[in-house]
Every structure is written in structure tokens, then in C-alpha cells.
Amino acid sequence: MGRPALRRAGAALAALLVLAALAAVPLHATPFALRVVLNIFFGAALATAWSLLGGLAGYWSFGTSAFLGLGAFTAALMQEHGDFGGPVARFVVSVVAGGAAAGALAAVIGYPILRLRGAYFAIAMLGVSLVLGELSNSVDLFEGALGITLDPGTSIAPEVFFYYLFLALAALAFGVAVWVRYSRLGYGLIAIREDEDTARMLGVPTERYKLTGFVLSAVLIGLTGAVYAYSLGYITTSSVFRSDLSFNVVVYSLLGGMGTLIGPALGAAVMTFLTEVVLGGMLQAHMMLTGLVIIALVFLLPNGIVGLFRRRRAPPALAGAPAQRSEQAFAPAATAGDMGEPILKFVGLTRTFRGLRAIDDVDLAIAPGSITTIIGPNGAGKSTLFNMATGYLAPTEGEVWYEGRRIDGTPTHRLNRAGMARVFQIAKPFHGLSVYENVLVGALFGRDGARNPRKVAEEALAFAHLSPLAGEVASSLPVGHLRRLEFARALATRPRLILADEPCAGLNPVETAEMMAMLQAARRRGATVVLVEHDMETVMKISDKVFVIAAGKLIAEGPPADVVHRPEVIEAYLGKPLERLP
Amino acid sequence: MVRLVQSLVDGALQGSVLSLAAVGFSLIFGVLQIINLSHGVIVVLGAYLALMLRRLWGVDPLIALPAVAAVCFAFGYVYQRYLISPAIRRANLLYSLLVTYGVALVAQNAFTLVFSPDNQSIRPDYANQFFRIGGVTVNVLQIIAFVASVLLIALLAFLLRRFPLGRTIRATAEQALAARLCGVDVDEVHALTFGLSAAFAGAAGVLIGMLYPFAPTAQENWTIYGFVVVVLGGAGSAAGALLGGLLLGIIGALTSEYIGPAYPNAVVFLVLVLMLLVKPNGLLGSAFGGSR
Numbered sequence: 069m070g071r072p073a074l075r076r077a078g079a080a081l082a083a084l085l086v087l088a089a090l091a092a093v094p095l096h097a098t099p100f101a102l103r104v105v106l107n108i109f110f111g112a113a114l115a116t117a118w119s120l121l122g123g124l125a126g127y128w129s130f131g132t133s134a135f136l137g138l139g140a141f142t143a144a145l146m147q148e149h150g151d152f153g154g155p156v157a158r159f160v161v162s163v164v165a166g167g168a169a170a171g172a173l174a175a176v177i178g179y180p181i182l183r184l185r186g187a188y189f190a191i192a193m194l195g196v197s198l199v200l201g202e203l204s205n206s207v208d209l210f211e212g213a214l215g216i217t218l219d220p221g222t223s224i225a226p227e228v229f230f231y232y233l234f235l236a237l238a239a240l241a242f243g244v245a246v247w248v249r250y251s252r253l254g255y256g257l258i259a260i261r262e263d264e265d266t267a268r269m270l271g272v273p274t275e276r277y278k279l280t281g282f283v284l285s286a287v288l289i290g291l292t293g294a295v296y297a298y299s300l301g302y303i304t305t306s307s308v309f310r311s312d313l314s315f316n317v318v319v320y321s322l323l324g325g326m327g328t329l330i331g332p333a334l335g336a337a338v339m340t341f342l343t344e345v346v347l348g349g350m351l352q353a354h355m356m357l358t359g360l361v362i363i364a365l366v367f368l369l370p371n372g373i374v375g376l377f378r379r380r381r382a383p384p385a386l387a388g389a390p391a392q393r394s395e396q397a398f399a400p401a402a403t404a405g406d407m408g409e410p411i412l413k414f415v416g417l418t419r420t421f422r423g424l425r426a427i428d429d430v431d432l433a434i435a436p437g438s439i440t441t442i443i444g445p446n447g448a449g450k451s452t453l454f455n456m457a458t459g460y461l462a463p464t465e466g467e468v469w470y471e472g473r474r475i476d477g478t479p480t481h482r483l484n485r486a487g488m489a490r491v492f493q494i495a496k497p498f499h500g501l502s503v504y505e506n507v508l509v510g511a512l513f514g515r516d517g518a519r520n521p522r523k524v525a526e527e528a529l530a531f532a533h534l535s536p537l538a539g540e541v542a543s544s545l546p547v548g549h550l551r552r553l554e555f556a557r558a559l560a561t562r563p564r565l566i567l568a569d570e571p572c573a574g575l576n577p578v579e580t581a582e583m584m585a586m587l588q589a590a591r592r593r594g595a596t597v598v599l600v601e602h603d604m605e606t607v608m609k610i611s612d613k614v615f616v617i618a619a620g621k622l623i624a625e626g627p628p629a630d631v632v633h634r635p636e637v638i639e640a641y642l643g644k645p646l647e648r649l650p
Numbered sequence: 008m009v010r011l012v013q014s015l016v017d018g019a020l021q022g023s024v025l026s027l028a029a030v031g032f033s034l035i036f037g038v039l040q041i042i043n044l045s046h047g048v049i050v051v052l053g054a055y056l057a058l059m060l061r062r063l064w065g066v067d068p069l070i071a072l073p074a075v076a077a078v079c080f081a082f083g084y085v086y087q088r089y090l091i092s093p094a095i096r097r098a099n100l101l102y103s104l105l106v107t108y109g110v111a112l113v114a115q116n117a118f119t120l121v122f123s124p125d126n127q128s129i130r131p132d133y134a135n136q137f138f139r140i141g142g143v144t145v146n147v148l149q150i151i152a153f154v155a156s157v158l159l160i161a162l163l164a165f166l167l168r169r170f171p172l173g174r175t176i177r178a179t180a181e182q183a184l185a186a187r188l189c190g191v192d193v194d195e196v197h198a199l200t201f202g203l204s205a206a207f208a209g210a211a212g213v214l215i216g217m218l219y220p221f222a223p224t225a226q227e228n229w230t231i232y233g234f235v236v237v238v239l240g241g242a243g244s245a246a247g248a249l250l251g252g253l254l255l256g257i258i259g260a261l262t263s264e265y266i267g268p269a270y271p272n273a274v275v276f277l278v279l280v281l282m283l284l285v286k287p288n289g290l291l292g293s294a295f296g297g298s299r
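These protein sequence lines map, in sequence, to chains H and E. Numbering-wise (our numbering), the first sequence opens with residue 69 and increments by one. Numbering-wise (our numbering), the second sequence opens with residue 8 and increments by one.
With the rest of the complex left out, here is chain E (with noise of 0.2 angstroms):
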């Protein structure tokens, strides 16, 4: 039973960053029908800045964290705005996926040439400190990380919600053309919604970094959770992210604990060809009508 229950702790701990490392793979899948294969570098960007603070002025991670998002967002911004909504306009929707993949190709090689391919870790000092609740063993770090991250994305769920930018960008991936005519600047939202969705990645970035050892070729796997994420939640709302991001954690857990440590992503990408042809649009169900 306390078996059980600490693996369903643990996946839910581990889904939590998950979900947040997703929600913006999610959101621009959802919002722009773009599949954002550069996604998983955004993610390790975010891990590498937090590193460079560290090792420059001794920030710790969690300080350092809203700098990063900020940079991220920028990056984001100027990445679709520059490159990806151009080529977009130069060829069609599907070139996206050349120019994204190519940005994956040359980042990941970038930060192996400026970090090295090794493992690296910003893991802090407090990381180290479990405490026990009913024989279910917790690390404070996990703690952190997993309110941080529901945190934000119940942020991002509010903004999405009740400001006027989340209004328009709902309103812009329902109908492109409908918003345009009411006077959305829609580059202008894509290119918001794209930086939105790089600053919850490089954050996410942050929180794995501190969790977890991270390496350049890691970003293939946070691209690909992306697309787990957005099967097992629905693409482009927050709720959906955050349960898909927990399940995938939860069934990692499990699958570690009762199956092998071997089998995990074996069983969770199973589990998203299942879904994908059992319920195509997620368990929410896709948050908009536009996104096929």
C-alpha cells in the first residue's frame, strides 16, 4: 500500500514539471497548429541559462528562475515573429516543421559545443532534505518544483481566462480570420502566444535542472513528452496540459515500480498511440474548435 502510494506521489511530483515543460508545446499546437519541434530545446535553453547565472554571480535556480522565463519569452517572441511566422508565409503551415527541426539541430549541437555533451546539474544545496509523511518519503525540491509549476499554469489557465490578451488569443486560434476582422494584429498574438509558451519551457527548464541531470540531447525527449502531453490532455488548454502531464507521470511511476525501471517510456508511448486512437482530442477534448 505505502508501495503504491509513494509511486503515485512520486509520478505525481515528477507529472507536475511535466506538465509545465508541455503546457507551451500544447499552446502553440492548440493556438497557431504549429508542432513545435524545437519545443525540448527551449526547455534545455532554460536549464543551461540557470546554469550559466550559477556558475556567473552564484544565483540560485529558483531566483534566477523569472529572469529566464523573461529571456525565454523574448526568444520565443522573436522566433516566430522573425523566422518562423516568415517561412511560414513564404511556403505553407507545413515548412514550420522543416524550420523547427532545423533550429533543434542547430541548438542542441550549439550547446553541446559551448556546454560539452556531458550531464550537468544546478541541483542546490536544499535539494537534499526528505521528510516523511505516513512512510511516504518526500524531497523538499520535488515540493517546490511541483507548487511552482501548478502555480503557473494555473497563472496561465487565468490569463488564458480572464485578460484581454488570453481572450485574443483564444479568439485567434478559434478563427484566424474572424479575429483579424475585428482588428487583431494576429502576427502580433502568435508571436505573444509563441513567447508565452517559451517562457513556461525555459522555466520548466529551470525546475528539471534542479531536479534532474540535463544534457544537450535531452531536448528530444521534452519535445516528445510535449506530444504525450497534448494527446492524453487535449491541445492548447492548461487543465488539459496539467493532466496529461500528471498521468504521464503517474504512469511512469507505476510502470517503474511494478513492471521494470526499463519499461516506463515503453508503456507512456504506448499509451499515446492508445489514446490517440481511442480519443484523438485528448480527455478534455481539444480547448478549440480550430485545432483539428
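This is chain H alone, in the form it adopts within the complex (with noise of 0.2 angstroms):
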């Protein structure tokens, strides 16, 4: 057994064990501290369940008690209006349904909400909550305003029976947030909340990845909810569509450590405790502590509390391998097919900005298994045809084709399962995660994902001179090594097409030689290499063709010894000549 799957079963022994203990809890505890444990699993479910999108993809919700309240009131509904079964059937057919309900509410608001980013998201959700709290009190089918009894029809003791319920809830949410976090969805959904852009560009589908986390945070609260209200045994409006709730669950998170796996739980037993228990008696007085405690957290904590044990040192290798996929190890697919069909190619292509016409009826072919540049002077319209070759634009006329197949409006996620890789001009990392988590991630998603992700990630490191470092954080690499680590999370999802946006700005020499060096092995191994580059003897050096854009024109195009002496391309460049002066 190897050491990563030691470390697996020994966390799941340690799991169980912890279970267990708690399990046994109601067997000695009073029904105080049974009560105060119960509140426990009560915020560390709901807090864990936020953190599905929270805390691993960086989409703070304020509105977690919409779900809440949904899952409690559909429950209480089904409760009260249907007559099938016995009661104890009604009671799990009614959790599950509030659940349910959770989860398709999430399923038809998430596509339009999950377009909104930081604040925005956060406001929204709070606004979908309010929105489902006024609804409940004043529409009289839900008759929040004057309230449902909830009776679980059970003859066990309600503390007991609820202990049971709610430590299970949270052990559930526990277990759903392992599997993801360890997934391909825990990777995409951490690679999102690094730099969704630069996510998009890796295959990462973060349309879908999002909403899938955020319905299964949803359908965890909704369950949550449903229990919650057969636990209060009498809701109204205010009793589950609680604000505090909602925001409770992200102090919980960023107190016990946002992002990490156990922090949510940890920070609602440290919340829950100190204030019930430490605390407890005199309501106001109460409250007022609370808030102090939270300010004072913040400055004891800052890291929260997993961030106290963590030592500061890179993120331990990653346990457990992802699902493992189709496709052979590093190593870019050659280009099959004869060597005249174009890789890459645009036919027309017209992009304008309201009057201005960025790109203006360009025609451009890339042969296989070259090494193409494209040269402009500053604003002649290079990044814009990346942009729109990689699908983050749209061409408003004109046709960009790939490997045969036309492929403007295609999804960039897409593009890059077929096989087409972006290195940034501006070196885009993702910061939080170490190196070898940065180049991990385009070898799980690249071209749907790698069979052996981690094999290949270690040899795209090694390719880029990167293995020393692969234990480090990205933020704290110099510019010349992130340019590396972005050429090699690229390499990692295997291109046939490697489009770099001026990969030497900003480097020295020495670094402009071996990065040059690396898109010539690149190429070597059958990928295809489109460069935008300004250094002229760079150019020279490398490429096998040339092409000239200027103001959105393309004026030359050939090898690059025969295009830099053209005229035009010197008048681009430089102006046109001086009057001789008298």
C-alpha cells in the first residue's frame, strides 16, 4: 500500500472512530450538553454545505437561509397536506422533498446568479432569501405568518432522535465535501475560485462545475432545513428564514479556516460552544458577547483555526488520484493528417469595438507543426485574435476554423478538450495552490483529462525545469518561474495548438533562451506554436513564418528574413520616412 493511500485509510479509521464517540454521546451526556452538541451539527452542516461553493470556489452566498427556509417549509407543507403513508413515512418523504426543493430552486436560479461574481453573488442570494422570507409571510399558501406544527409521528425522545438526525446530517455533508474536494469538481470548483478565466482556458467547465456545487450545497441546506423544522416542532417565517443564519454559516467558515475541509465544522463547535455554553444566560448581554467574540477571533485568528496547526509550508502532496481518464501520458498528440491542411485558420475575420474596427477582414492560415508568429506594433489587434481564437470573443463577422471543424462561439472549455492550450501574457497562476496543484489542474481537465494526471504533471514540471519547486506556492515564485508554470500547466493538458501571448515580456535574457528552447521542444514533440512576440531577433530566431498585422490589417506575411525587410512592415514599425530636409 502506497503512502497516499495509507494516509487514506488511516483518515477514514480516525473518521469512523470520531463518529462512533459521538454516537455514544447521548448515552452519558445531559440533555443540556446534548442539546448544545446537537446546535454543533446543526451549524456544521449548514456551515459545511456553504462551503461546497464557498468556501472551494469562492462564491460567498448571504442567502443560505433561502434554502433553509424552503427545505423547512416544504417540509412542514408535505407534513401537514399529504395523507399518504403513516407518519414516519410522511416525515422522510417530507425531509427528502425539502431537500429536493432546495435543490431545484438552486438548479433554476443558478444559471443566471452564478454569472455574478464577488459582492454581486453575495447580494443576490441574500436578496433571493428575502425575497422567499416575504413570500412565506404573506402568501397565504404557505401560511409562514402564522405558522405549521411539525410532528416527526416517533416515540423516541426528541433530543435523542434529533441528536441522531442532525449528527448524521453532518456527517453527510462531511462526507460530500470530501468526495468532492478530492474530485474533478473539487479541483475545477478551487481552480474557479483562483482565477475562473484562466480555469476556462484549462477545460475546466465552470459553468457546469458551479452549478453542480451549488446544488449540491443547496440540497444539503434544504435537508438540513427540513430536519430543523420537525426539530423546532412549530415554524413561522422568522423562525427559518433567518438572516443571522445566513450570515452565521460564513463566520463559521472563515473562523474555523475557508476553504478547508473541516474548518466549517470546527468553527461552528468553537462558535456554538463559546456562546451557549461559555456564554450562555442573559439574552442581550449574550448577543453583545457574541459580537465581540467574532471581532476578537479575527485578530487571534486571522488565518482561522486549521490555520493555526498548518505550518507554514507547502500544501502536502495531494492524496488520493482523481478519477483517471482516456488519453495517454504527456507527450502533445502529433498532428495527423498531411501537412498542407491548416491547423488553425481564419477566413474574414471582422472584429469591432462599437466604431473602432479592432480586427478588420483578416485571412491567416496555420500550418501544422510550425511555429508561427504573429508581430504588430502595440494595438494592431494580436491579442484580439487570440481572444477570438481561444473564445473569449466573438467574431462579429468572418470564420475562425480548427483542425478542420469551425469553431467561433464554441465554449473555450471546449476548445481546450480539443486539444488547444493559451499561455497568457500577463502570467495568470493560481496563486493559493502549489506548483505541481497549478500544473495537476490542467492535466485533470485538459483534453478531458489525463489517465495518469499526476505522472503527466510531474513530467510537464520537469520539462519546464519546475520539479524542485513543486512543492512551492505560486504567489511565491519570481515573474521568470511563473512564466515556466504557466507554460507548464499548459503543456500538462497535451495541445496539439499552443497559442503564447508575448511569453518573453518581462524576461531576461537567459530566461527568453530557455523559454525559447522550451517552445522549440514543444514543437518536437508535434505541437504547434503561435507566438505573439515583439522581440525582433527572438523572431528571427524561432519562427518558420511571419505574419505582420497592423491596425487590425494583416500587410505581410512570409518567412521572417524576407517579411522585416518589406516596407510596409518597416513603415508599421517605425513611421514613414522623414522628408529629406532641405
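If you're looking for bench data, these hints aren't it; they were derived computationally from the structure. Just so it is clear, CB atoms sit at the ideal spot from N, CA and C, and this is done for glycine as well. Heads up, some of the hints might be wrong.
Negatives, chain E to chain H, calculated, CB over 10 angstroms [stated by the list, open to error]:
no., residue
1, 16
2, 111
3, 170
4, 184
Label-pair restraints from in silico Cβ distances [unchecked claim]:
no., chain 1, residue 1, chain 2, residue 2, range
5, H, 345, E, 59, 29 to 37 angstroms
6, H, 354, E, 191, 38 to 46 angstroms
7, E, 284, H, 93, 44 to 52 angstroms
8, E, 166, H, 445, 37 to 45 angstroms
9, H, 208, E, 125, 26 to 34 angstroms
10, H, 78, E, 192, 49 to 57 angstroms
11, H, 208, E, 284, 47 to 55 angstroms
12, E, 11, H, 208, 37 to 45 angstroms
13, H, 97, E, 131, 52 to 60 angstroms
Make the complex out of the two chains shown on their own, each in a separate frame, by following the hints.
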């Protein structure tokens, strides 16, 4: 058994032991202690579920109570009006329905609402929870103003019954979180958190993954809400659509350690313990002290509780090899077909921004297996061209063809699946991930993922001479290394076509030479390379063919030595020659 | 027809005060990129300060307003400089959420302990005078509040646009680092911005206290209205806040009149969500490039 496997077995054993210990609590605890631990489970379940999207993908929702309240009301209404089965069956069905209703809501609102980023997503979710709360209060169907009584119809003592239910919910949420964290979904969500645009370029289906995380999170919160409703025994709008709960889960996750697995549960445990056991008693003073504790913890534990125990070192090598996929290990697949068919082709491509014709009727074809450079003065439209080739921009007119297929309008992550990779002008590493994890994301998602992602990642790192730095956090790397990292990550997607936007900008001559050597090595392995470059010396040395663009138009093409001497090219770069002075 | 005009007038009058209450929230969000969850607390604080002044010395709330605004300014300055800013430096920007949430919890319950959880009022005697113009009834106090709100917001707009401090604030909002390189004391500017925002919130609190009964729990609503106004009008601009507040007031009044008195909030929040989806930077767009 390898070390990761051993570690996994150890973790599973520890989890089982903890679960067994927690399950034994009701045998010994006082009712008060039982109540406190139950509340911890409730908070832990909610915060862990919230973290699926908030912690991993960085999409913070201020609207947890929307799903909680919807789950609670769905269960309550079903229990009240449903006439099927016995009370127990109705209890089970209504709880499941609560989770399903929350999941359905997430699925419906997810697509539009997940387009919002940062604070706007948080506010929109707050808005959703407020709308639902208001509706449940004022629309008669929901009876939120009057309240609904619930009864699980069991003979077990309620505190013990709900203790086990909330324990099960917390364990379920935690299990789902562990499963997601080490799956492709988890890495994809983390990549989205670190840099959503880059994630898309690496082949992460960002829309689908965000929606999946959102729905999973909502289902878990809805289930918890349904059980919560039963545990209250009587619910009104104000008892389940609680904005304070929405903010509490964020507090728990931050205090415990944002983005960690155990953090949200730890945060819930510490806050609940502090407020209910240490500060319990007078209501107003209690709430005031809760506020003070939150403020104090920000200063005492700026990285959350988990951050206290994590030494300042790179994240450990990843446990659990994620799902294995097709595709061979690293080696950009050689392009099939005859050399005559261009791998990338622009036909009559035009892009206007309002009145400006940034790209004006450009026809251009890239031969497979070549290194082609696009040069042109600043503002000529080179980056716009790349943006259209990679699906970030839609052309106003014209067509983009890749390997014989028309691709304009195809989402970026699909293009990556088809073997296209892009290296950005400004390096966009996933700052919070290690060098190895950065490249692993490329291996996991590029072209639908590699069969052996870890091996591919390691090979790509070796190719870019980054193996010794594999464990370092990306944000600690200097510029030259970042560019290499970017390149290694692109290679890990096993591309057939590499679009590199000024890969040498800001590098010193030695680093530039290294980068050029890597590009040539990539070509030797069968990849086609398209460069945007300024440094003429570099261009001359490396390119098979050069295209010159000025003011959105293609003004020259040909072998480098030929192109640089043409008058129109010199003119575009240096301006018209001065009239001879008298 | 009269019914419609009456609703529109009522909405605009209420909305102007909402604008004033929310403009500070919008300013802080636009300039500091902080979501101030304790914003509503400062609004309520303004009302309670006016209440204290009236109880102690019988000061008319309108006369107390400048003093209340000054106290709130000082509070906002100190709050940002010595609590929020150190917290952000110690952790990161997101932790300002925790700090302001904690402060809101502390303050709401402190108000409850000191002033009781019951509704209070500082409604002055002259508040009960009405007059009619062409069938539309208007309350004198609402007119006063409207004029005061619009004047104060215009003052803020003028300050941001024309005064050195205002220019510095806008520059800092666009590019804090570049402003720092130009010799701007960014921490000071942030603290002053927070102070300004608190002063406006406090002043709004006085007007709100004169118009409606208030209680400690109202703070949550005032923060939420801040969200709505930011989303409707766009972050960080005085004109945007005025527009957002007026819209909020009018939507509320129309809903109440034509759909039912139970629905204004539901409709307002629905508009909030829809606006975000359609035009997330607000009707006037974000005032600052830096705020996403």
C-alpha cells in the first residue's frame, strides 16, 4: 500500500472512530450538553454545505436561509397536507422533499445568478432569501405568518432522535465535502476560485461545475432545513428564514478556516460552544458578547483555527488520485493528416468594438507542426485575434477554423478539450495552489483529463525545469518561474496547438532563451506553436513563418528574413520616412 | 389618477430619506470595497442620539442633526481607523465582513439594553401638519426630510467632485496603490471616507426617527436597503444613491397601493435580484472602475 493510500485509510479510520464516539454521546450526556452538541451538528452541517461552493469556488452566498427556509416549509406543508403512508413515511418523504425543493430552486436560479461574481453574488443570494422570506410570510399558501406545526411521529425521545438526525446530516455534508474536494469537481472549483478565466482556458467546465456545487450545497442545506423544522416542532417565517443564520455560516467558515474541509465544522463547534456554554445566560448580553467574540477572533485567528495548526509550508502532495481518464501520459499528440491542411485558420475575420475595427478582414492559416509568429505594433489587434481563436471573444464577422472544424462561438473549455492551449501575456497562476497542483489542474481537465494526471503533471514540471519547486506555493515564485509554470500548466493539457501571448515579455535574456528552447522542444514533440512576440531577434531565430498585423489588417506574411525587409512592415513599425530636409 | 400621483409623491418623499440612509453604504462599498454590515447600526445610532438630546435638553431633532452627524463622523473615523483597517491588515478584506457583523451584533443588543427593545419616536409637534395640492396630501415633515436629504446628497456630490478631499477619495477608489505612490495617505482617506459615510447615515437616522417609530432591530433593514440602493443606483456615486433610493421608495409605495400592503419588501427584493442579473453595476454604472 502506497503512502497516500495508507493516509487515506488512516483518515477513514479516524473519521469512523470520531463518529462512533459522537454516536455514544447521548448515553452519557446531560440534556443540556446534548442540546449544545446538537446545535454544533446543525451549524456544522450548514457551514460544511455552504463551503462546497463558498469555500471551494469562492462564491460566497449570503442566502443560506433561502434554501434552509424552503426546505423547512416544503417539509412542513407536505407533512400537514400530505395524506399518504404513516407518520414515519411522511416524515422521511417530507424531509427528502425539502432537500429536493432546495436543489430545484438552486438549479433554476443557478445559471443566471452564478454569472455574478464576488459581492454581487453574495447580495443576490441575500435578495433571494429575502424574497422567499417575504413571500412565505404574506402568501397564504405558505402559512408563514400563522405558523405550521410539525411532528415526526416517533416514539424516541426528541432530543435523542434529533441528535442522531443532525449527526447524520453533519456526517453526510462532511462526506460529500471530502468526496468533492478530491474529485475533479473539487479541483475544478478550486481553480475557479483562484482564477475563473484561466480555469476555463484549462478546460474546466466552469458553468457546469459551479452549478453542480451550488445544487449539491442547496440540497444539503434544504435537508438540514427540513429536519430543523421538525426539531422546532412549530415554524413561522421568522424562525427559518433567518438572515442571522445566513451570516453565521460565513462566520463559522471564516473562523474555522476558509476552503478547508474541517474548518466550517470547527468554526461551528467553537462559536456554538462559546455562545451557548461559556456565554450562555442573559439574552442581550449574550448576543453582545457573541459579537465581541467574533471581532476578537478576527484578530486572534486571522487564518482561522485550521491555520493555527498548519505550519508555513506548501500544501502536502495531493492524496487520492482523482478519477482516471482516457489519453496517454504527457506528449502533445502529433497532428494527424498531411501538412497541407492548416491546423488553425481565420477566414475574413473581423471584430469591431463600437466604431473601431480592431480586426479587419483578416485571412490567416497556420501550418501544423510549425512555429508561427504574429507581430505588429501595439494596438494592432494581436491579442484580439488570440481572444477570438480561444473563444473569449466572438467575431463580428468571419470564421475561425481549427483542425477542419469551425469553432467560432465554441466555449473556451471545449476548445481546450480539442487540444488548444493558451499561455497568457500576464502570467495567471492559481496563486493559492502549489506549483504541482497548478499543473495538476491542467492535467486533470485538459482534453478531458489524462489517464494518469499525476504522472502527466510531473512530466510537465520536469519539462519546464520546475520539479525542484513542485511544493512551493505559486504566489511565492518570481516572474520568470511563473511564466515557466504557466507553460508547464499549458503543456499538461497535452495540447496540439499552443497559443503563446508574448511569453518572453519581462524576461531577461537567459530566461528568454530558456523559454524559446521550451517552445522548440514542444514543437519537436508534435505541437504547433503560435506566438505573439515583439523582440525581433527572437522572432527571427525561432519562427518558420511570420504574419504582420497593423491597425487590424494583415499587411505581410512570409519567412521572417523576408518579411522584416519589406517597406510596408518597416513603415508600420517605424512610421513613414521623413522628408529629406532642405 | 390622484391615487397614482399620491403614491408617486409618497414614494419619492420616502425614497429621498432612503437615499440619504444608503449613500454612505454605497460610498464605502465603492471606495473601500467593504460591505459594511454595521451600516444600519449607524442609522439607528443617529436616531437614538437625537432621542437622547431631546430627552436630556429638549433639543429639536432638526437642530440636533448637525451635532449627531458630527458625532457619527467621529465614530466612523475611529471605527475604520482603529478597528476595521487593522483587522483587514491582519487578515484580508473579507474579514471586514466578520468585524462589521460583530459590531452590528454588539450595537443592536447594546441599544436594546440601554433603550429597551420597544419602538421609540422623536416625532416633533409640527409633524402633524398637512397640506393639499390638487388632491394630493403632503406632510410638512416629509417635505422637510425630502429637502434636507436632497440638499445633503447634493452637498456630498459637490464634495466628491470639486473638493480636494473628494478628488483624493475618488482617486483612491480607482487605484489605491497609485494614490499611495502620489503621496496620498490612503489609510487617512479611507478613515475620512468612512467618517463621511457615517455622518450621512447618522443624519438620515435623525430624519427617519422623526418620520417613523424605530427600534434596535431596525438596523438590519437599513443595511439591507443599503444593498438595494447600491444595486439599483450603482456603487459609490451620490447621484446613483439618490436615484436608487427614490426608485426604492416609489416601487415600495406603488406596490403597497396596487398589490397590497404586505408586499412592498417582497417586490423590492425581487427587483434587487432582477437588477443584479440584468445590470449588476446599477442604472448609473459603478462610479469607480476599481469596484467590481
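Hint check results:
1. No beta-carbon of chain H is positioned within 10 angstroms of the beta-carbon of residue 16/E; the least distance is around 25 angstroms.
2. Not every CB of chain H lies more than 10 angstroms from the CB of residue 111/E, the least distance being 7 angstroms, so the non-interface label is violated.
3. Even its closest Cβ contact with chain H, about 28 angstroms, leaves residue 170/E beyond 10 angstroms, as expected for a residue assigned away from the interface.
4. Even its closest Cβ contact with chain H, about 16 angstroms, leaves residue 184/E beyond 10 angstroms, as expected for a residue assigned away from the interface.
5. In this structure the supplied range 29 to 37 angstroms holds for residue 345/H paired with residue 59/E, their Cβ-Cβ distance being about 36 angstroms.
6. Between residue 354/H and residue 191/E, the C-beta spacing of about 43 angstroms keeps the proposed range 38 to 46 angstroms intact.
7. The hinted window of 44 to 52 angstroms between residue 284/E and residue 93/H holds, with their beta carbons roughly 45 angstroms apart.
8. About 43 angstroms separates the C-beta atoms of residue 166/E and residue 445/H, a value consistent with the hinted range of 37 to 45 angstroms.
9. Hint check: residue 208/H to residue 125/E, Cβ distance near 30 angstroms, so the stated range 26 to 34 angstroms holds.
10. Taking the beta carbon of each, residue 78/H and residue 192/E are about 53 angstroms apart, inside 49 to 57 angstroms as hinted.
11. Checked against the hint of 47 to 55 angstroms, the pair residue 208/H and residue 284/E fails, with Cβ atoms roughly 28 angstroms apart.
12. Hint check: residue 11/E to residue 208/H, Cβ distance near 27 angstroms, so the stated range 37 to 45 angstroms is violated.
13. For the hinted restraint 52 to 60 angstroms between residue 97/H and residue 131/E, the CB-CB distance of approximately 57 angstroms keeps it satisfied.
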